[in-house]
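Modelling step: build the complete structure from the supplied sequences, incorporating the hints.
In our numbering, the protein residues as written are 15 to 83.
The reader is advised that the hints may include incorrect statements.
With a Cα cut of at most 25 Å, we get these calculated DMTMM-like pairs of lysine to aspartate or glutamate [claimed, not checked]:
(1) Lys32 - Asp63
(2) Lys75 - Asp46
(3) Lys75 - Asp50
(4) Lys77 - Asp46
(5) Lys75 - Glu40
Hints were generated in silico from the structure; no laboratory data involved.
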Amino acid sequence: MGTRAGNRAYQYGQTRPKHNLSAGLEYLLTNDLQLDAIAGFSVFKSESDNFVALGVAYRFKNKQQYRQS
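Written as structure tokens, this is what we have:
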């Protein structure tokens, strides 16, 4: 998608017959701050494992990294 945006999609399951799909997007606001959004659902209507999630990731610098920037 670009150097600041990305995407992902995957299928996953468990030991019992259960199949799920999920997809997500991430966007890098700065070199240290990223926003994420993900949604997923069950493939079969008999299952109701649907979800939506938002996330924020921040990379903290240690003292040595501050000296280098």
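How the hints compare with the structure:
| no. | hint | result |
| --- | --- | --- |
| 1 | Lys32 - Asp63 | holds, 10 Å |
| 2 | Lys75 - Asp46 | holds, 9 Å |
| 3 | Lys75 - Asp50 | holds, 20 Å |
| 4 | Lys77 - Asp46 | holds, 15 Å |
| 5 | Lys75 - Glu40 | holds, 21 Å |
The structure shown violates none of the earlier numbered hints.
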